[in-house]
Amino acid sequence: MALAVGCRARPGKARDNKTGSWRVFKPLFDHGKCSKCGTCQIICPESCITEDADGFFDPDCAYCKGCGMCATECPKDAIEMKQEEK
Amino acid sequence: MLEITEGSMAVAEAVRLCRPQVVSAYPITPQTHIVEALADMVANGKLDADYITVESEFSALSACLGASAAGSRTYSATTSQGLALMFEVCFNVAGMRLPIVMTIANRALGAPLSIWNDQQDSIALRDAGWLQFYAEDNQEATDLHYIAYKVAENPTVMLPAMVCFDGFILSHTYEPVDMLTQEDADKYLPKFAPAERLDAADPISFGMYATPEYYLEFRYESDKALKDAKSVIQAAGKEFGKLFGRDYSAMVEGYQLADAETVIVAMGSICGTVKDTIDEMRTEGKKVGLLKIRVFRPFPTGDVAKALKGAKRVAVLDKNISLGAKGAVALEVKDALYGSGIPVYDYILGLGGRDVRKKDIREIVSLAGEGTGDQFFGLRKEVL
Numbered sequence: 077m078a079l080a081v082g083c084r085a086r087p088g089k090a091r092d093n094k095t096g097s098w099r100v101f102k103p104l105f106d107h108g109k110c111s112k113c114g115t116c117q118i119i120c121p122e123s124c125i126t127e128d129a130d131g132f133f134d135p136d137c138a139y140c141k142g143c144g145m146c147a148t149e150c151p152k153d154a155i156e157m158k159q160e161e162k
Numbered sequence: 099m100l101e102i103t104e105g106s107m108a109v110a111e112a113v114r115l116c117r118p119q120v121v122s123a124y125p126i127t128p129q130t131h132i133v134e135a136l137a138d139m140v141a142n143g144k145l146d147a148d149y150i151t152v153e154s155e156f157s158a159l160s161a162c163l164g165a166s167a168a169g170s171r172t173y174s175a176t177t178s179q180g181l182a183l184m185f186e187v188c189f190n191v192a193g194m195r196l197p198i199v200m201t202i203a204n205r206a207l208g209a210p211l212s213i214w215n216d217q218q219d220s221i222a223l224r225d226a227g228w229l230q231f232y233a234e235d236n237q238e239a240t241d242l243h244y245i246a247y248k249v250a251e252n253p254t255v256m257l258p259a260m261v262c263f264d265g266f267i268l269s270h271t272y273e274p275v276d277m278l279t280q281e282d283a284d285k286y287l288p289k290f291a292p293a294e295r296l297d298a299a300d301p302i303s304f305g306m307y308a309t310p311e312y313y314l315e316f317r318y319e320s321d322k323a324l325k326d327a328k329s330v331i332q333a334a335g336k337e338f339g340k341l342f343g344r345d346y347s348a349m350v351e352g353y354q355l356a357d358a359e360t361v362i363v364a365m366g367s368i369c370g371t372v373k374d375t376i377d378e379m380r381t382e383g384k385k386v387g388l389l390k391i392r393v394f395r396p397f398p399t400g401d402v403a404k405a406l407k408g409a410k411r412v413a414v415l416d417k418n419i420s421l422g423a424k425g426a427v428a429l430e431v432k433d434a435l436y437g438s439g440i441p442v443y444d445y446i447l448g449l450g451g452r453d454v455r456k457k458d459i460r461e462i463v464s465l466a467g468e469g470t471g472d473q474f475f476g477l478r479k480e481v482l
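Chains as they are written, first to last, in our numbering: chain A, 77 to 162; chain B, 99 to 482.
No lab work stands behind these hints, which were simulated from the structure alone. Among the hints, erroneous ones may be present.
Stated by the list, open to error - Now the in silico label distances, taken between C-beta atoms and shown as ranges: (1) A:Arg86 x B:Phe185: 45 to 55 angstroms; (2) B:Gln354 x A:Asp92: 19 to 29 angstroms; (3) B:Gly370 x A:Ala78: 41 to 51 angstroms; (4) B:Pro288 x A:Ile118: 54 to 64 angstroms; (5) A:Gln159 x B:Gln473: 50 to 60 angstroms; (6) A:Met145 x B:Tyr307: 20 to 30 angstroms.
Just so it is clear, the structure is predicted and the values come from calculations on it, not from any experiment. Yeah, the Cβ is synthetic: ideal placement off N, Cα and C, and Gly gets one too.
Make the full structure from the sequences, and use the hints.
Put into structure tokens, the structure is as follows:
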């Protein structure tokens with residue numbers, strides 16, 4: 077995406093703002109431990125966790141800021157926060 | 099038509115002929131006459147513009163920022179502490195790529211308080227991303243306003259511009275000035291029609307935030323736009339010359355350069371004093387020349403190097419100082435001449451309205467001849 081002159085932006089473009097770039101720690105979801113309770117999806121401040129056809133949950137790493145709230149709240153400790161090398 | 103007029107009045111008249119739609123400014127000596135005259139013109143129906151009165155310079159430039167983003171040709175003027183108060187807005191205006199034109203009646207910065215001339219105020223904002231023009235006389239000061247708008251509003255440039263002229267020395271001096279007619283000005287300067295503007299029916303935001311993976315690139319783009327403006331400035335100066343007989347296509351101007359051994363580099367009204375001194379010294383067989391810098395941003399590094407390549411030594415007159423380092427012009431000239439082996443001597447002078455006379459220029463030429471420089475010039479040792 078080319079830069080807009082003067083850093084100008086049209087409204088309704090939150091999706092253009094890929095907050096995933098802010099991330100230091102990346103959540104790794106272990107579906108083997110997951111009980112499919114959906115707490116991670118409810119708690120995610122970025123609303124970037126979605127449920128797949130089998131009822132498991134995964135984050136969209138383009139938007140996940142790595143806050144770690146899902147890992148802290150997960151009742152099954154199925155989410156591990158791992159430092160990312162960029 | 100030639101008119102004998104005060105510098106501030108000539109600038110105000112040139113600004114009127116540029117048809118700004120919004121003017122916002124705050125009075126400060128020695129700039130006040132310009133904005134007073136414009137306020138009169140608006141009140142008397144001679145200028146069809148909104149004149150926004152504000153409580154500070156910060157608000158004046160902020161009002162211009164909004165008006166320019168909304169698609170208006172916009173004008174302000176200030177100096178010294180007023181420009182200092184605009185510091186934050188100056189960077190925002192440049193980053194948002196808004197072609198506001200602002201006159202700076204150059205004045206010293208406090209403390210200590212001084213209302214008199216030097217060029218510290220606009221030099222302190224040389225990093226803000228504005229085009230910076232420096233005028234030698236009032237004819238040039240008026241002409242540079244048309245050129246400033248023409249360049250700033252060019253779709254490939256879209257950057258704000260400061261037209262700097264020495265406070266009191268030019269702003270309050272009566273000189274003959276050849277003023278354009280409205281018809282001529284309109285021929286040269288088309289209506290401002292930006293591709294994007296604030297419009298409730300088609301919303302847009304200016305100057306959004308940029309995360310670390312974009313900020314560097316935005317700064318690169320701004321720097322590139324400013325550097326690339328060089329060819330636009332040259333073309334605008336040339337067109338002005340073709341239409342009105344005064345060619346401003348050169349970013350730097352040489353005077354008696356061809357065989358000059360000592361070349362003085364300077365900006366602004368001091369160039370007139372230097373030229374008179376050179377005329378005298380030439381009759382005595384002394385090979386002295388002048389390189390006048392008209393455009394300080396973008397800095398014409400290549401032009402300066404080319405113009406100075408035959409010099410034996412260069413003496414830079416700086417009416418400013420980057421405290422703890424050198425004068426801003428000298429730093430640029432040293433950069434331009436790096437590796438050439440030509441010595442560059444810096445002289446900090448004329449600060450806070452200290453008069454610079456022909457005998458001072460002669461002394462500087464002789465100091466440079468002795469290889470003595472990088473110093474304050476004209477210090478009164480008895481008060482130190």
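Going through the hints against the structure:
no. : hint                                    : result
1   : A:Arg86 x B:Phe185: 45 to 55 angstroms  : violated (30 angstroms)
2   : B:Gln354 x A:Asp92: 19 to 29 angstroms  : violated (58 angstroms)
3   : B:Gly370 x A:Ala78: 41 to 51 angstroms  : holds (47 angstroms)
4   : B:Pro288 x A:Ile118: 54 to 64 angstroms : holds (58 angstroms)
5   : A:Gln159 x B:Gln473: 50 to 60 angstroms : holds (55 angstroms)
6   : A:Met145 x B:Tyr307: 20 to 30 angstroms : holds (23 angstroms)
The structure fails to meet hints 1 and 2 from the earlier list, while all remaining hints are met.
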